[in-house]
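Hey, can you work out the whole structure from these sequences and the hints?
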Amino acid sequence: MIIDCHTHWGMCWADRDGDDPSRWLAALDAYGIDRAFLMGHAGMVHQDRSKADNDTVARIAAKTGGRLIPIASAWPQMGRAGVDEVRRCVEHLGMKGLKLHPWLQGFSTADPVLGDMCGLAGELNVPVFFHDGTPCYSLSEQIAGLARRFPSTTFVLGHAGLLWNWRSALEACRQPNVWICLCGPHRRAMETLCDRADPDRIVWGTDYGFGFADSIRYRLGLIRSARIAEAVREKVLGVNALRLLRQ
Amino acid sequence: MNVDGYVTLGVDREYDLTEADLLRAMDSAQVDSAVIAPVDRCLAVHNREGNDLILRAAAAHPTRFIPSCSVNPWYGRSAVQEIERSRSEGARILVLHPFVQGFQANDELVWPLLDSIAQQPMPVYVHTGTPGNATPWQIVDLAERYPSVDFIMGHCGATDFWNDVIPAARCVRNVHLESSLARPFLFVAYVEELGADRGIMGSCAPLDDLAFEWEQMRRVLPAEQWPGVYGGNLCRLLEKGSAP
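Chains A and B supply the protein sequences, listed in that same order. Numbering-wise, the first sequence is residues 7 to 253 according to the numbering used here. Numbering-wise, the second sequence is residues -5 to 238 according to the numbering used here.
In short, the hints are calculated from the structure, not lab data. Wrong hints could be hidden among the right ones.
[Said to hold, decoys possible] A few chain B positions that, by computed beta-carbon distances, are all more than 10 Å from chain A:
no.: 1; residue: S22
no.: 2; residue: D46
no.: 3; residue: L47
no.: 4; residue: R50
no.: 5; residue: A51
no.: 6; residue: A112
no.: 7; residue: P125
no.: 8; residue: C165
no.: 9; residue: V214
[Said to hold, decoys possible] If you want a taste of the chain A side facing chain B, the calculated C-beta under 8 Å gives, among others:
no.: 10; residue: G128
no.: 11; residue: T140
no.: 12; residue: Y143
no.: 13; residue: L168
no.: 14; residue: G190
no.: 15; residue: R194
no.: 16; residue: P205
no.: 17; residue: Y224
Even for Gly, the Cβ is constructed at its ideal location relative to N, Cα and C.
Laid out in structure tokens, this is it:
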């Protein structure tokens, strides 16, 4: 079982394929990937397209018989309407998590509306994925700060600190409600994270879909070639993602 | 001729690459030679210790290893002297790592080092990608101030500065792009846009696996670009440094 926990329905894909995921799914097939967490793209760079993008992601996922797991996004800048959008996506569209990108979306993790969203995600029992590894709004330690403030909410560091912030991601994992997604660090950092973080809170992803570039071959090869115990690799590639989904 | 543009040799903290292991990896990936650089601790503080280790390894394997040297610019005049000493003993590239060495890439702190390099050229490899102190546009600042010096933008600003790489590199001709950590599936777009004479293949072993990185790059880089990216471009820069 391989589950890619970090993919996007990229704007270039939407422009070319509309709501048809068949070519996108063919890429998963080519690499034996069973399921993928699907996040939006347009709704994370254009506030006025947020709701429509959530609808699109939910609609596409519904065509795949559960293979694609839809993840919503929302904007703290929208105030109460942003919080309501989180509820709508989870309760009415059946979306399974929230993805936020403070760097792209331009908000601070100290934003009080973001706090409301994180609290609601905890109530609704869905994980909150964050872009991480990037100053000044998306550092792993800033997400860990949210995890301290909202202990009932599960947070996923979408990039495990990327290339230069992975030590902070490792520190962030001291919070029991922080998970990391291996999608960005170099191989040695991945090995260290698997060795020193809780192996039950590590998942894997590719960031596939932001463009047409094939990031799957590389990132799947990277995790497969990493020097980590097979039992841990099995968890990271699929078992943990199923648990994350059930939380 | 396949040349790996950046490898860290040594055993320290997350580094565990011995000479024998590196040679084995190079053989398995059909890599003829590799630029070797010291581990982070030696980049940051124990410059001479790291440079000596690199120089000794290169002396033992002169056809396989291309020795770099590194100095922390905070050491001031003694840093310049260490460059000159290392160069006299065979070092062929200067490595700067603003993140590890604790300075801003375009800080005037680094000018005395580059003044020395400008007198007797050798390429300057700068690790990039960390916000605030190692960005593509900071390398452009250096390249404009020192137009006779060839700069290698290590990691192409990965991850966050991928947007800046192409516009920054277009502004100056004396900046080359090194691929490690930038991921092959993204690096090919830079080379496509800027020209195959600007790209340099590097693995950043052992942080990433040398053989894996070469295998992945060979899958995506067009074959007509291989001669330059896989060694020709770097060798051209090195030859400038060794010209009488």
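We went through each hint and held it up to the structure:
1. For S22 of chain B, the requirement that its beta carbon stay farther than 10 Å from each beta carbon of chain A is met, with the minimum near 13 Å.
2. Residue-level check passed: D46 of chain B sits 25 Å from the nearest beta carbon of chain A, beyond 10 Å.
3. Distance check for L47 of chain B against chain A: the nearest CB is about 20 Å away, which clears 10 Å, and the non-interface claim stands.
4. Taking the minimum C-beta to C-beta distance to chain A, about 24 Å, the non-interface status of R50 of chain B holds against the 10 Å cut.
5. At the 10 Å boundary, the C-beta of A51 of chain B stays outside the reach of chain A, the nearest C-beta of that chain being 20 Å off.
6. Its beta-carbon lying about 29 Å from the closest one in chain A, A112 of chain B satisfies the requirement of being farther than 10 Å from that chain.
7. A beta-carbon of chain A is positioned within 10 Å of the beta-carbon of P125 of chain B; the least distance is around 5 Å.
8. The claim that C165 of chain B lies off the interface holds: its Cβ sits roughly 24 Å from the closest Cβ of chain A, which is beyond the 10 Å cut-off.
9. A beta-carbon of chain A is positioned within 10 Å of the beta-carbon of V214 of chain B; the least distance is around 8 Å.
10. Among the interface hints, the one on G128 of chain A is violated; its C-beta lies about 29 Å from the nearest C-beta in chain B, farther than the 8 Å criterion.
11. Because the closest C-beta pair between T140 of chain A and chain B is about 5 Å apart, less than 8 Å, the hint holds.
12. Evaluation of the Y143 of chain A hint against chain B yields a violated restraint, the C-beta minimum of about 11 Å exceeding 8 Å.
13. With its C-beta approaching chain B no nearer than about 5 Å, L168 of chain A sits inside the 8 Å limit, and its interface hint holds.
14. The criterion of a C-beta within 8 Å of any C-beta in chain B is met by G190 of chain A, whose closest approach is roughly 6 Å, and the hint holds.
15. The restraint placing R194 of chain A at the interface with chain B holds, with a minimum CB-CB distance near 5 Å, inside the 8 Å limit.
16. Interface hint status for P205 of chain A: violated, as the beta-carbon distance to the closest one in chain B is roughly 19 Å, over 8 Å.
17. Checking Y224 of chain A against chain B by beta carbon gives a least distance of about 5 Å; that is within 8 Å, so the hint holds.
Comparing the model with each numbered hint stated earlier shows that hints 7, 9, 10, 12, 16 do not hold.
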